[in-house]
Structures are given as C-alpha cells and as structure tokens.
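**Student:** All chains, please: the whole structure from these sequences, using the hints.
So the protein lines, in turn, are chains A and B. Those letters in the first sequence? Residues 574 to 736, per the working numbering, in order. Those letters in the second sequence? Residues 574 to 736, per the working numbering, in order.
No false leads were mixed into what you were given.
In this list, chains with the same sequence are indistinguishable; a pair is considered to hold if it fits within one copy or across any two.
With a straight-line cut-off of 25 Å between C-alpha atoms, the simulated BS3-like cross-links for lysine-lysine are:
no.	residue 1	residue 2
1	Lys688	Lys631
2	Lys580	Lys631
3	Lys580	Lys695
4	Lys688	Lys732
5	Lys695	Lys735
6	Lys734	Lys684
7	Lys734	Lys695
FYI, nobody ran anything at the bench for these hints, they're computed from the structure.
Number of protein chains: 2
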Amino acid sequence: MFNQIVKAVPNLFTIGNLLCGVLSITCNMSGFVEASAIFIFLSAFLDLFDGRVARKLKVNSEFGVVLDSLADIVSFGVAPALLFHSLAVPSILTSLAFILFPMMGAIRLAKFSVKPTVGYFKGLPIPAAGLPLAGMGFFLYSNAWITLILALLMVSPIKFKKL
Amino acid sequence: MFNQIVKAVPNLFTIGNLLCGVLSITCNMSGFVEASAIFIFLSAFLDLFDGRVARKLKVNSEFGVVLDSLADIVSFGVAPALLFHSLAVPSILTSLAFILFPMMGAIRLAKFSVKPTVGYFKGLPIPAAGLPLAGMGFFLYSNAWITLILALLMVSPIKFKKL
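**Tutor:** Here is the structure:
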C-alpha cells in the first residue's frame, strides 16, 4: 500500500503538468492571455520535478515516461501554439507557424521516446521551445518567425546539452 | 527512398489526426462550436486509418504508436473537454468533469501503451469517449454527468470488445 503511494508521487507532478496545460488553454479561451502564459510556466515547474522525484524515490516507470510525453504535448506543444495564435496577426506565415509548432513537437517527443539520448538532446526539447512562446505571450508579444524557427529546431539534428 | 516514403504514409494520417485536434480547439476559441465538433470527427476518421494502413503496408513502427497516442490526447482528450467546457453551465460538477476528462484520457493512453491488450480493451478507449462529447457538442448540448462517466469509464477495469 505504502509502496503504491510512493510510486504514484512522480505521476502526480506529471498530471499537474497536464492540468496546467489544459488550464492555460482555458484561460486563453476566456481572454486571460497572461494567465495562460503563467500556467505554461507552472507546467514547466512541475515538469522539472517528475523525473527527478522518480529517480530520487527509485520508482522510475515506463508508465510515467509515457504520461510525461502526453502532458508535454499539451502543455508545451498545443498550449503555447494557441497562445501565439491568439496574439499574432493573421497571415499565411502565422498559420504555418501555428500548425507546424505542435506537429514538430509531437514528432520530437515520439522520436525521443523511441530513441532516447543520454547526456544530450537531439533537437530542441519541447519545453525549451514552448517556454519562449509563453514568455513572449506574457508580454503580449508574438513573432511568427521565432515560432517557426523553434518548431524546426525541435526536429533538427542539432545537439543540445542536457542541463 | 521509396521505402522511406511508404514508411511515412501511416504517420501522415496520425499527423492529420493531431492537426484536426488543434484546429478543433482553434474553431472552438473563435466560437465556431459545430466546426470544432466536426474536426474531432475528422480526427477519428483519420485515426481509423493509421494503424490499418501501417499493417497493410507492413510498416508498423514504435514511432507511429507513440505519435498516435500524442495525437489522441489532443484530439479526443483535450479538444472534446474544451468543447464541453464552452457549452456547459459553470458549476463545480462542470469543472470536475472538465478537469477529469483529459486526465483520465492520458492515464488510459499511458496504461495501454505500457500494457497493450489483444482482442479487447481494458477501459473505454479515448476516441470512444471523445466522440460522444463531439456529437453532443455538434448539437450544442453538454452534460457534465455523461462527461464524468465517460472519463471514469476510460480508467475502469471494464473490458470493451475491439471492433
């Protein structure tokens, strides 16, 4: 019983990450753009802990890894793209950046899930792509070129050092 | 080269599923509720094909399976929950159903990914939970109890026959 509870602890952080992603979208829909950005930051804060807590408690699980990807696509793929979309001036470039961002994010997550890298990341990790969009969104700023570049960096072969 | 293209075909369906999920949310944000529901149906249509096409072309891949889960959480977890949220009268029950639906969807997807079942599903599959919400949403109807029950059915131990 106690073991079961300990095992669930890191997943609570992951579920919190997902919840913040969903709440970010809800705030955005209601016009609370700054709150939408803050919820993405909260997601990132919770995302920092799930893996660390799991390793600390020695309860790493495949279930936890999959759940983490599912939370990440919502919190750092879809929510930041929608935040960008709410703020950007409509154009073909805006639509392209908006569509490509979550798609490249999903491809990045699926690639890493199949072939995890140790010590470095191949392609920009999705939280590192979503957070700049959240930061810009907090200041009611959007930039389609930056969004597009972040999207493409996620599926690029460039190596990024793990922090 | 030809092999690479054939290998990518099922993933194009999955990417299409994800795109329809994101577009469903965008339509919902712009107040086009019926269009939002239609995009969820389109996601389901594309979702029907990815696995079948992969098996037909004999190009099943782990990458495709992970990508499918990532598309499903957006198209059948987050998008239908947001559609319900847009139509429902605010209440504690509404909030509870809205929060639990994508969470239980993610848990269902992660569970199946770790322990796939053959010939049957343990717990209602996420498309089968998201589609009734889309159907109700198309007729501008929402019901928090139905949403809550669908959410809980996803993580229930009830066996559902594979169609």
